[in-house]
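Line by line, the protein sequences are chains F and L.
Under my numbering, think of the first position of the first sequence as -4, with each following residue one higher.
Under my numbering, think of the first position of the second sequence as -4, with each following residue one higher.
Derived by calculation from the structure, the hints in this document are not laboratory data.
Please note that the accuracy of each hint is not assured.
Same chains, same names: a pair is fine if it fits in one copy or spans any two.
To be verified - List of simulated lysine to any residue pairs, SDA-like, C-alpha gap at most 25 Å:
{"hint": "1", "residue 1": "K102", "residue 2": "A127"}
{"hint": "2", "residue 1": "K199", "residue 2": "E44"}
{"hint": "3", "residue 1": "K98", "residue 2": "K123"}
{"hint": "4", "residue 1": "K110", "residue 2": "N131"}
{"hint": "5", "residue 1": "K123", "residue 2": "N103"}
{"hint": "6", "residue 1": "K110", "residue 2": "S130"}
{"hint": "7", "residue 1": "K251", "residue 2": "Q45"}
{"hint": "8", "residue 1": "K18", "residue 2": "D93"}
{"hint": "9", "residue 1": "K102", "residue 2": "S130"}
{"hint": "10", "residue 1": "K125", "residue 2": "V23"}
{"hint": "11", "residue 1": "K105", "residue 2": "K128"}
{"hint": "12", "residue 1": "K102", "residue 2": "A129"}
{"hint": "13", "residue 1": "K132", "residue 2": "D97"}
{"hint": "14", "residue 1": "K125", "residue 2": "E115"}
{"hint": "15", "residue 1": "K105", "residue 2": "G275"}
{"hint": "16", "residue 1": "K110", "residue 2": "L96"}
{"hint": "17", "residue 1": "K158", "residue 2": "E263"}
{"hint": "18", "residue 1": "K81", "residue 2": "T58"}
{"hint": "19", "residue 1": "K105", "residue 2": "A129"}
{"hint": "20", "residue 1": "K132", "residue 2": "Q108"}
{"hint": "21", "residue 1": "K287", "residue 2": "A233"}
{"hint": "22", "residue 1": "K81", "residue 2": "T139"}
{"hint": "23", "residue 1": "K105", "residue 2": "K123"}
{"hint": "24", "residue 1": "K102", "residue 2": "K116"}
{"hint": "25", "residue 1": "K229", "residue 2": "E44"}
{"hint": "26", "residue 1": "K98", "residue 2": "N131"}
{"hint": "27", "residue 1": "K102", "residue 2": "V114"}
{"hint": "28", "residue 1": "K251", "residue 2": "P9"}
{"hint": "29", "residue 1": "K105", "residue 2": "A127"}
{"hint": "30", "residue 1": "K105", "residue 2": "D126"}
Please read all numbers here as calculations on a predicted model, not as lab measurements.
There are 2 protein chains.
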Amino acid sequence: METHEEFYNTHPPPLNYENDITKVENFVRCHKNEKIVLITSGGTTVPIEQNTVRFVDNFSAGTRGSASAEYFLDAGYAVIFIYRSKSLEPFVRHFVNDSLLDKLEIKNNKSIQVKEDKVEKLLPLLKKYKDAKASNKFISIPFTTLIDYMWLLRGSCMLLDSKYCLIYLAAAVSDFYIPPSEMAEHKLQSKDGPPVMTLHLVPKVMKAVTHNWSRQAYIVSFKLETDSMLLETKSKDALHKYKHQLVIGNLLHSRKYNVKLISPNDIEDILVTDTNKKNGIEIEKIIVNKIKTKHDEFINNI
Amino acid sequence: METHEEFYNTHPPPLNYENDITKVENFVRCHKNEKIVLITSGGTTVPIEQNTVRFVDNFSAGTRGSASAEYFLDAGYAVIFIYRSKSLEPFVRHFVNDSLLDKLEIKNNKSIQVKEDKVEKLLPLLKKYKDAKASNKFISIPFTTLIDYMWLLRGSCMLLDSKYCLIYLAAAVSDFYIPPSEMAEHKLQSKDGPPVMTLHLVPKVMKAVTHNWSRQAYIVSFKLETDSMLLETKSKDALHKYKHQLVIGNLLHSRKYNVKLISPNDIEDILVTDTNKKNGIEIEKIIVNKIKTKHDEFINNI
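The following block holds chain F by itself, in its conformation from the complex (with noise of 0.2 Å):
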């Protein structure tokens, strides 16, 4: 397999990314010596063909990711939100739900205006939203491809270097990609029969986020699985084989309900009760609740 420092010599960046990374740099800047968080949310792409037509994606919505964002302001982090664009975001998610426009009513022919019955709920929503942006304590940068992602996750963790930062990966990152150099350069004709995809491993990242980018950090990771014998061994491994704090094992068909916060000495499973989501307590405020406590004893070296 490759390494990561090949991948990044071969693949260069994306346009964007000075300009993304600078932001990333002056937000980091301003919150010196504050908790901050980097959230990493949404899937990936692989293009298969170089003018990108088709691509292999992995599945996420963005749920994770976007509702723990909330949960972090809440918490008193900065939150830099790096998701896939498209997927969801942090307080927008409540407006795009069900129909965006069903929630919205015509004023005296010349305003708009979100429905009374939905205000209730919208409005300490939005509210966060605007105080979250005026005060500066969140930034979000999309991404699309998988290269898109390994550029923004590298550039962020190296300024993320310290006991303060939380590094929160959630992101549904692709284990396999096509390298440019042996794409198609047309979109592949059906009359030339089913296509042979040769898919090429990933790097893994994991060590250099833990021994070189973010040495100093509190690092989450997160484990998708659908074989629920192979959840909790793999979440060890992954502990052991990286030295990082903490794995959130989760099942796919369980994951909005049940998670396992896996370290290296403890397992606690969390659960949603039937009347915690009546109450509308979603799972990420108890995951992100539990993740701020041990980051303080983290921070504090207990």
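Dock chain L against chain F, hints included.
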């Protein structure tokens, strides 16, 4: 290659299918002897694993389909909009472009309004949306996978077998798929090395649309290519093979301002000028107006 009959025999309909098709059926009954357009929009996904984590996706934001739906409503059509879940929807697209929440403001700490400087553009659009819903001129049905799409297409086309019906196939449909019987049950593990994906050709259903399901309708298909040399030849080939009325040919890099309307005896080049653009005229407005004329001639057998 599999026939379309074999495809439908081996792939059962999606869970929502009966519900969705009943909705279309009622809509069509409501608009008997009026002009109806079926628009398909957005890309299809092809799951790689049975517990879907990864899939092959076709690139399509759904701009062409969603914009066209608005102009077909303007042109007096009843619109059935079958679209990829999360892709652009008519009217909604104007609200979600850029930052939705930055278009909203809090008034007197008790209501949420669209900012005054955005109202001029958005109010007429919201009004059109509300009118179309209130007069039952518009329904939308989402799909995700190729199999969902295939079922919705067949079911809807079979209900639209009349000269008053227009079928406007703007969705970007995968040419390839992996039969569920050949999918991995669980998430492919990277330790097993890069997966070999054997893709199957999706049976061509255009011939079934034109010769079996909607023999009397006016049918418009799309060709998206990256190689301009191939575009006209492939469009002409399609018309010859399927005997339908119109192919809209476009190239990936120029599709926002240039398309070709290719009919058996004629090729018409449509170009949005810079002046058009400055006046906010979208290419879909021009396309839809041209097609409306052609469809009227078709109905009146001119």
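| query | So which hints don't hold here, by number, going up? | reply | none
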